[in-house]
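Student: Sequence:
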Amino acid sequence: MHLWLRAATCASIWTRITFAACDTESTTTLANSNVITALTSCATFSGSVALATDISGHIALDGVQEITGDVYISNASELVSLTGDSLSTIGGDLTLDGVQKLSTLDFPRLTSVGNVTWSSLPNLQSVGLDQGLSADEVDIQNTQLQQLNITKAAKITIVNNPFAANISIAVNNVTNDLVISANNPAMTVDLPNLYWANNITLTNVSDVSMPLLNTIGNNFNIYGSTIGVLKIPNLNVVWGGLSLISNYQLTSIQIPSLVQVGTLVISNNSELRKFTLDELGIVSYAITVDGHLSK
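Under mature numbering (1 follows the signal peptide of the UniProt record, and there is no 0), read the sequence shown as residues -20 to -1, 1 to 275, first letter to last.
Because the hints were derived from the structure by calculation, they are not lab data.
One or more hints might be untrue.
As the list claims (entries may be wrong) - Listed below are the simulated EDC-like cross-link pairs for lysine to aspartate or glutamate, each with C-alpha atoms no more than 16 angstroms apart in a straight line:
(1) K81 <-> D65
(2) K211 <-> D270
(3) K132 <-> D110
(4) K254 <-> D270
(5) K135 <-> E117
(6) K135 <-> D73
(7) K132 <-> D157
(8) K81 <-> D34
(9) K132 <-> D116
(10) K135 <-> D119
(11) K211 <-> D157
(12) K135 <-> D116
(13) K81 <-> E58
(14) K211 <-> E259
(15) K135 <-> D157
(16) K132 <-> E117
(17) K135 <-> D110
Every value quoted in this text rests on a predicted model; they were computed, and no experiment measured them.
Please construct the entire structure, taking both the sequences and the accompanying hints into account.
Tutor: So this is what it looks like as structure tokens:
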């Protein structure tokens, strides 16, 4: 009788502790293995998670399926890897800043997050987002990231990544801005699934592939890049302006499906000799084209 009561009492206490640990509605700082173990006992953690600055090595958040708040890691200079085998949703933001040794970030089931803000991650080259991630805004600076499986975002900013030579983004639609600028001058940009974007600005890139791009809701700009031949085979409409300016190695522009553009500016591309805009029939405002064009 007494043993049964003691077991029942202990079970009741553990249930209350576990429930309390899973439903804080505040920020829990992961500073040691006991706190991490308590967190990973939660299928849903109601609150935000931060990692202590002195945490090191490999941190696994296995078992947690949803974190309703933010995940915030700043200046954890000895953290090497962060993984979560079941995490599918982060209700708030995923922020990584100044995590100098982080080389592995693996969330194979993560599909939804608020904002993604990553900066000063000089050893991060790849991210495991196997399911494809939907985010509000994505801002990535000072990493070596080469691939990003983002399927939907309102805004994507990839800037100041001096060591990243290639970037591939799986996004289908960008409802606000896509900006890739001031990265490695040899950077190649691959957007294999992009169909629609509101604004695109590319600067300082050496090549770009957008085989499915069909519609630009506002403006499409390529500045100061070393692209040799620009091919956008399926671009149909640019409702705002299409500007290709100061791309000093650009020799050929091939946008054969473009039928309508608001404003067209092709200027200061000193090596440009030909462009293909065979279907262009509507220019709503103005055209500015200069260069030594043969056709």
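Student: Flag every earlier hint the structure violates by its number, smallest first.
Tutor: 1, 2, 11, 17
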